[in-house]
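Asks: What follows is each chain in one-letter form.
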Amino acid sequence: MDKASKNTMGFFDYLKNILSIFQFKKTIRLGLYGPVNAGKSSLANRISLDWLGEEMSAVSKIPHETREIKVKEKVRINSNGKELDFNLIDTPGIATKIDFEDFLKYKMSKKEAKRRAKEATQGVIEAIKWLENVDCVLVVLDSTENPYDQVNVTIIGNLAARDIPVLIVANKVDLRRANVKRVESAFPQYKVIGVSALKGKNMEGFYKELFDIVR
Amino acid sequence: MLRLQFIPYTEIASLTSENKISKVLRIAKNNRIILLEGKFSPEEEALLIERTMSSINRRFKGIEICSVGDYSKEDWVNKIKKSLAKMLLGVNASGMTIIGPASIVKEIKRDPDKIELLTKNMR
Ligand SMILES: Nc1nc2c(ncn2[C@@H]2O[C@H](COP(=O)(O)OP(=O)(O)O)[C@@H](O)[C@H]2O)c(=O)[nH]1
Ligand SMILES: [Mg+2]
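Quick note, the sequences are listed as chains A and B, same order. Position in the first sequence (from 1) plus 560 gives the number in our numbering. Position in the second sequence (from 1) plus 9 gives the number in our numbering.
Keep in mind that the hints are not guaranteed to be accurate.
Pairs of lysine to aspartate or glutamate residues, derived as EDC-like cross-links and limited to a Cα-Cα distance of at most 16 Å, are as follows [what the hints assert, rightly or not]:
1) A:K665 <-> A:E625
2) A:K689 <-> B:E59
3) B:K115 <-> A:E625
Here are some chain B residues the structure puts well away from chain A; computed CB gaps all over 10 Å [to be verified]:
4) T25
5) A55
6) K70
Just so you know, the hints here were simulated from the structure itself, not pulled from any lab data. Beta carbons: idealized from backbone N, C-alpha and C, even for Gly.
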């Protein structure tokens, strides 16, 4: 090999190295999707709390508490000696129905309930639009609920069609009625991890799986 | 009374996604359960949800949707599916999508016998 081509080789190797560093440092846009009240905001808070020491979203038993997208930037996570940067994107989730009367149970005026319902519909539309802006998705499900009832097949199908990696989080394993197996059998082609966002249970396992799917 | 509307593939095959979705939504807003031969693409399904959200009001509370043959082992859709399989003989049920107005599906969930009643009437 002559000197010139040797130099070029060296130069390319050098370039490749630099590029791979940039790639490693690239921030991964992690979207949290799933049905209303599954615990998306609780999980976003847990992750943010674990790595930044502060929460990011309001949590409530009232459905559709999150009615707009919330982003927490540059959340640096370590797992198994690896380090990755994420932008956490907490979404309102995707629903196909919203009934303002459901809000009336929570001591809300009719006017307030209607306003919330209207905002919730906008929130879902926004969540769908944001599907275009994520690199990786956590589909958060309530493991005490029947997974077949949850309208997430749609988003999962949508993501699969675009080769976006998906991790299914079976949340609320602290509750006795939790059934992670049932979630697993509903989505056999996906990785499912059971956690409790509220109690911080099995978060190590969660981070490990997360790193596995973004790899 | 529950009302069903069957949409054969030939009726929507030539429509644009936008038109397909308007058609389906129009029927759902009319309080009918739609049996659609065929499936929406993921993009169409996302669009359907968007359009559903923009049409929600006091009377229309949204939809429930399920593709037959997917993750429907234990839910209301399975009940409909089973009854319909009998009813719609000659139609390949495994490539079907069922879309129901949310308020009606809620009623069915509360009282699944309604489906049986419906299929009896249809026979
Ligand atoms: N027991 C239990 N409750 C949870 C857990 N995660 C969330 N919740 C509760 O579920 C409700 C909805 O949570 P939220 O995070 O607002 O759900 P989101 O609508 O998906 O964002 C709240 O009352 C939370 O306290 C969990 O791991 N265990
Ligand atoms: Mg939330």
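Asks: Hint by hint, note whether the structure agrees.
Replies: Against the structure, the hints:
1. A:K665 <-> A:E625: 14 Å, holds
2. A:K689 <-> B:E59: 9 Å, holds
3. B:K115 <-> A:E625: It is violated: about 22 Å lies between the C-alpha atoms, which goes past 16 Å.
4. T25: 19 Å, holds
5. A55: 5 Å, violated
6. K70: It is violated; K70 of chain B is separated from chain A by about 5 Å at its closest Cβ, not greater than 10 Å.
Of the numbered hints listed earlier, those contradicted by the structure are 3, 5, 6.
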